[in-house]
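Asks: Each protein sequence line maps, in turn, to chains A and B.
Counting from 1 along the first sequence, just add 499 to a position and that's the residue number in our numbering.
Counting from 1 along the second sequence, just add 386 to a position and that's the residue number in our numbering.
Keep in mind the hints are simulated off the structure, nothing from the lab.
Don't take every hint at face value.
[Said to hold, decoys possible] Using C-beta positions, here's what the derived DEER-type ranges look like:
(1) A/R583 to B/A714: 13 to 23 angstroms
(2) B/L534 to A/A670: 24 to 34 angstroms
(3) B/L612 to A/Y614: 47 to 57 angstroms
(4) A/G556 to B/W540: 41 to 51 angstroms
(5) B/A554 to A/A773: 42 to 52 angstroms
[What the hints assert, rightly or not] Derived EDC-like pairs: lysine to aspartate or glutamate, alpha-carbon spacing no greater than 20 angstroms straight-line:
(6) B/K586 to B/E553
(7) A/K778 to B/D481
(8) B/K533 to B/D609
(9) B/K686 to A/D613
Even glycine gets a Cβ: it sits at the ideal position worked out from N, Cα and C.
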Amino acid sequence: MELLAHQVLAGLATGGIYACLALAIVMIYQAIHHLNFAQGEMAMFSTFIAWQLMQWGVPYWVAFSATIALSFVAGVAIERLLFRPIHDAPALSHIVVFIALFAILNSLAGSIWDYNVKSFPSPFGSRSLFGDGLMSSHDAGMIGVMLFMLILIYLFFRHTRIGLAMRAAAANPGSARLAGIRVGWMNALGWGMAAAIGAIAGIMIAPAVFLDPNMMIGILLYGFAGAVLGGLTSPGGAVLGGFAVGVIENLVGTFVPYVGKELKLTIALIVIVAVLTVKPSGLFGRSIVTRV
Amino acid sequence: MKQRPKSNLGQAQAETIAGIPVRMWGRAVMTAGLLVALLLPFAIKSFVIFQLTLAVTYAIAILGLNLLTGFNGQFSLGHSAFYGIGAYTAAILMDQADVAYYWTLPAGGAACFIVGFLFGLPASRLEGLYLALATFALGIAMPQLLKLMPLEPWTGGVQGIVIMKPEAPFGLPLNADQWLYYFTILIAAAMYACAVNLIKSRTGRAIIAIRDNPIAASAMGIDVALYKSLTFGVSALYTGVAGALGAIAVQFVAPDSFTFNLAIAMFVGLVIGGVGSIPGTLFAGLFILFVPNVAEEVSKGLAQAVYGVILIAMIYVMPSGAAGFVRAIVGRIARMWP
Numbered sequence: 500m501e502l503l504a505h506q507v508l509a510g511l512a513t514g515g516i517y518a519c520l521a522l523a524i525v526m527i528y529q530a531i532h533h534l535n536f537a538q539g540e541m542a543m544f545s546t547f548i549a550w551q552l553m554q555w556g557v558p559y560w561v562a563f564s565a566t567i568a569l570s571f572v573a574g575v576a577i578e579r580l581l582f583r584p585i586h587d588a589p590a591l592s593h594i595v596v597f598i599a600l601f602a603i604l605n606s607l608a609g610s611i612w613d614y615n616v617k618s619f620p621s622p623f624g625s626r627s628l629f630g631d632g633l634m635s636s637h638d639a640g641m642i643g644v645m646l647f648m649l650i651l652i653y654l655f656f657r658h659t660r661i662g663l664a665m666r667a668a669a670a671n672p673g674s675a676r677l678a679g680i681r682v683g684w685m686n687a688l689g690w691g692m693a694a695a696i697g698a699i700a701g702i703m704i705a706p707a708v709f710l711d712p713n714m715m716i717g718i719l720l721y722g723f724a725g726a727v728l729g730g731l732t733s734p735g736g737a738v739l740g741g742f743a744v745g746v747i748e749n750l751v752g753t754f755v756p757y758v759g760k761e762l763k764l765t766i767a768l769i770v771i772v773a774v775l776t777v778k779p780s781g782l783f784g785r786s787i788v789t790r791v
Numbered sequence: 387m388k389q390r391p392k393s394n395l396g397q398a399q400a401e402t403i404a405g406i407p408v409r410m411w412g413r414a415v416m417t418a419g420l421l422v423a424l425l426l427p428f429a430i431k432s433f434v435i436f437q438l439t440l441a442v443t444y445a446i447a448i449l450g451l452n453l454l455t456g457f458n459g460q461f462s463l464g465h466s467a468f469y470g471i472g473a474y475t476a477a478i479l480m481d482q483a484d485v486a487y488y489w490t491l492p493a494g495g496a497a498c499f500i501v502g503f504l505f506g507l508p509a510s511r512l513e514g515l516y517l518a519l520a521t522f523a524l525g526i527a528m529p530q531l532l533k534l535m536p537l538e539p540w541t542g543g544v545q546g547i548v549i550m551k552p553e554a555p556f557g558l559p560l561n562a563d564q565w566l567y568y569f570t571i572l573i574a575a576a577m578y579a580c581a582v583n584l585i586k587s588r589t590g591r592a593i594i595a596i597r598d599n600p601i602a603a604s605a606m607g608i609d610v611a612l613y614k615s616l617t618f619g620v621s622a623l624y625t626g627v628a629g630a631l632g633a634i635a636v637q638f639v640a641p642d643s644f645t646f647n648l649a650i651a652m653f654v655g656l657v658i659g660g661v662g663s664i665p666g667t668l669f670a671g672l673f674i675l676f677v678p679n680v681a682e683e684v685s686k687g688l689a690q691a692v693y694g695v696i697l698i699a700m701i702y703v704m705p706s707g708a709a710g711f712v713r714a715i716v717g718r719i720a721r722m723w724p
């Protein structure tokens, strides 16, 4: 029983990491209705920028804010320069551009900052809470930051005019345009926000997993799984999904024989797929009803 | 998925270039291409022949993916798993049971058909991104499963299996690379002919109807779940045969050859070649084999970045793939010289 409790706690700590990225994934999904495969690499790149600023002697919170601002601008720029010209290309072509973006960012980061693993400071320290090093103060701080972000996002989308305009632009671009919403700029704004949230996620994740160009690949998979499990239409669901994936992964690794570390991801994914066959639009997602 | 590629059934029948129907031009180009493909092995180095063999193999695999995505509207990020199953079936049969290489193709195909069909049954409930996640799980799981300890006597674990390259039969004056190239071309021709006929048949129309509107399709009496699962099976079969051919050509299988990266490469090929285009898959096969090498030539350190830039440029120039690009050009020429 104690082992179970410990593993759940450790799972929540790693789940917090996945939840961060799942949240960023759902955010951009809400804004552009595509799953951004390059999301993890964008977050990684932002984190490297923060790291570089700190290497130059910029204080933590200044670097933090500057990185978020830079990432926002970069996200808007990516939408304007890369995706605007192909906005009426087929959906699958967009996914190829995501893959291309992934390759470019990964390769660029590798050549600018090399592939050596770097440590990244945490504002919350790394004291161990609850003993045994199961959950550190950084993990707790990260989860706190993320829940705070979630509340902000909720307030933004539910209670501001621009949040409403963004939702309208994503749900029905044609009608939104007729109502005077500039759909193109709403998309760009969505990209910017997703990049900024990704930057926060990256900066929060980096102290836990260390910084290198490939740090996000594994996490992106889990974040993706968490987002889909929770339902792509629900930011809260995505966060819960991320935590659930962390816990499932940890419990599977501990309690299922023959599995060990290697098959953890596989089993977690199988569990998720099994859930999806029962609830095809995720645990908290709304199923899309279309008129025939 | 939202995408609705134009069906190439009865495409551009009325269009003519210089008084000759476009369709005849298409046939002429195909015949010329086949002729060049048949004569090529006598003009190029062995290694290039080997690369071309692999490109054709990938083309068959992407054709399988295209049957699923392009014609049935189901998305897959896990076709590397079927390629792997086909390859391992071939390698294990040749290594353990001394089966002749040509018998491993139907075996690999059959194994994949069964796995694909069984996977397709529950997956037919899922749509779009949810299906993408399910297939993605399959793609991630495959290399891990191949490494599993209990299977090691057959799969060889992380080390994989080494197999022999077949020699040309009947005393034909060809070296092993040339023979395998012709063998692959022969298999590919047969598989492409089957795919074209499948899509033109009543079954093919049902498959396309499900892509265009599942509700309307089921109202017309099409068993959507069954057809979706069957398409999944057939798609897996194609990819499995390609996997078996690939294993014979490379003479080696190992779990890490069939990772998620392969699935991504196949997906990129599918889009670059043209979703829902059968000839486009040939271009796709060549693309995913040669373009990463070109990128490597341009810059070793930034090879991935160069590859990414090339991909973006391709999408800019031809947003609906090579097939759509060619169609647009042909249409323009046909308007200029009807």
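Asks: Does each hint hold? Answer for all of them.
Replies: Structure-based check of all given hints:
At about 21 angstroms, the beta-carbon gap between A/R583 and B/A714 stays in the expected band of 13 to 23 angstroms. About 45 angstroms separates the C-beta atoms of B/L534 and A/A670, a value inconsistent with the hinted range of 24 to 34 angstroms. About 49 angstroms separates the C-beta atoms of B/L612 and A/Y614, a value consistent with the hinted range of 47 to 57 angstroms. As the Cβ distance of A/G556 to B/W540 is approximately 58 angstroms, the hint placing it in 41 to 51 angstroms is violated.
The hinted window of 42 to 52 angstroms between B/A554 and A/A773 holds, with their beta carbons roughly 49 angstroms apart. Restraint check for B/K586 and B/E553: the C-alpha separation of about 37 angstroms exceeds 20 angstroms, so the hint is violated. Pair hint A/K778 plus B/D481 does not hold up; C-alpha atoms about 43 angstroms apart against a cutoff of 20 angstroms. With a C-alpha separation of about 38 angstroms, the suggested pairing of B/K533 with B/D609 is violated against the 20 angstroms cut-off.
A C-alpha spacing of about 14 angstroms is found between B/K686 and A/D613, which places the hinted pair at or below 20 angstroms, so the restraint holds.
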